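Undergrad: Starting from the structure of chain S, add chain L where the hints point.
So the sequence lines, in the order shown, correspond to chains S and L.
Just remember that this note's numbering sits 199 ahead of the position in the first sequence, which is counted from 1.
Just remember that this note's numbering sits 107 ahead of the position in the second sequence, which is counted from 1.
Note that these hints are calculated values from the structure, not bench results.
One should not assume that every hint holds.
Ranges between beta-carbon positions, derived for each pair [stated by the list, open to error]:
#1 S:N240 to L:E159: 43 to 53 Å
#2 L:G191 to S:S208: 17 to 27 Å
#3 S:N240 to L:N184: 21 to 31 Å
#4 S:L217 to L:T210: 25 to 35 Å
If the Cβ cut is set under 8 Å, some of the chain S residues that face chain L in the computed set are [said to hold, decoys possible]:
#5 G242
#6 K248
#7 Q300
#8 F301
#9 F303
#10 T305
#11 P313
Computed from a predicted structure; not experimentally measured.
Where a beta carbon is used, it is the ideal one built from N, C-alpha and C, also for glycine.
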Amino acid sequence: AQSVTQLGSHVSVSEGALVLLRCNYSSSVPPYLFWYVQYPNQGLQLLLKYTSAATLVKGINGFEAEFKKSETSFHLTKPSAHMSDAAEYFCAVSVLDTGNQFYFGTGTSLTVIP
Amino acid sequence: KAGVTQTPRYLIKTRGQQVTLSCSPISGHRSVSWYQQTPGQGLQFLFEYFSETQRNKGNFPGRFSGRQFSNSRSEMNVSTLELGDSALYLCASSLTPGHSTDTQYFGPGTRLTVL
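Next up, chain S with everything else stripped away, as it sits in the complex (with noise of 0.2 Å):
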């Protein structure tokens, strides 16, 4: 079974600070992972996504993974937080097996303190 963790619910971070949100996941094959934000009122959009290619993911909007497998762990970052960066953001999991069953983290909320 395929599951995800996203440790801390709630993230706050100073504008020009790092930041760090964290995500685990459960696979018994290898998986591909996923980070979406959304913005209020709005559907998902696609940060960046790992598919066994190179390890350290770069995404849109200076966000970056790195897929680590020791750790099952698949954390976002960002080296200076942005006030535009205040938002929803989910980590995802789909494995060859179920298609294209997408398995979604309970999400961060990240919010910038200026």
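TA: What follows is chain L alone, placed relative to chain S:
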């Protein structure tokens, strides 16, 4: 290229009624998935359609159903609405199923409120 569109954006219904939500995928995308998003349960997978056939189904009661048309547009229906069905319903489209690397593109959602 136009994104995923969902109609209506907002809907208010009363308990016991039924509702139909519509989703138009990105042009050329043939796979459509539906998700329910609530504060308590997060994002939960409802079902996925490809070529007018349901390929995957999440753990929801039979009151939740869907279908896909030949032009890949999809509808989902919820019958005998309950208060707990109040949620944001998200539709996502992708090129093809069975390829887990394929990105899902989400629509803005339909906000359903059941009174």
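Undergrad: Against this structure, judge whether each hint is valid.
TA: Consistency of the hints with the structure:
Checked against the hint of 43 to 53 Å, the C-beta distance between N240 of chain S and E159 of chain L comes to roughly 31 Å, which is inconsistent with it. Roughly 21 Å separates the CB atoms of G191 of chain L and S208 of chain S, a value that falls within the hinted 17 to 27 Å. For the pair N240 of chain S and N184 of chain L, the beta carbons lie near 24 Å from each other, so the given range of 21 to 31 Å is met. The hinted window of 25 to 35 Å between L217 of chain S and T210 of chain L holds, with their beta carbons roughly 27 Å apart.
Taken as an interface hint, G242 of chain S checks out: its beta carbon lies about 4 Å from the nearest beta carbon of chain L, inside 8 Å. Taking 8 Å as the C-beta cut-off, the interface hint given for K248 of chain S holds, the closest approach to chain L being about 6 Å. Checking Q300 of chain S against chain L: minimum C-beta separation of about 5 Å stays under 8 Å; hint holds. Of the supplied interface hints, the one on F301 of chain S holds, with its beta-carbon coming within about 6 Å of a beta-carbon of chain L, less than 8 Å.
Interface restraint check: F303 of chain S against chain L, minimum CB-CB distance 4 Å, threshold 8 Å, status holds. Interface restraint check: T305 of chain S against chain L, minimum CB-CB distance 4 Å, threshold 8 Å, status holds. Violation of the interface hint for P313 of chain S is found here, the shortest Cβ-Cβ separation to chain L being roughly 26 Å, above the 8 Å cut-off.
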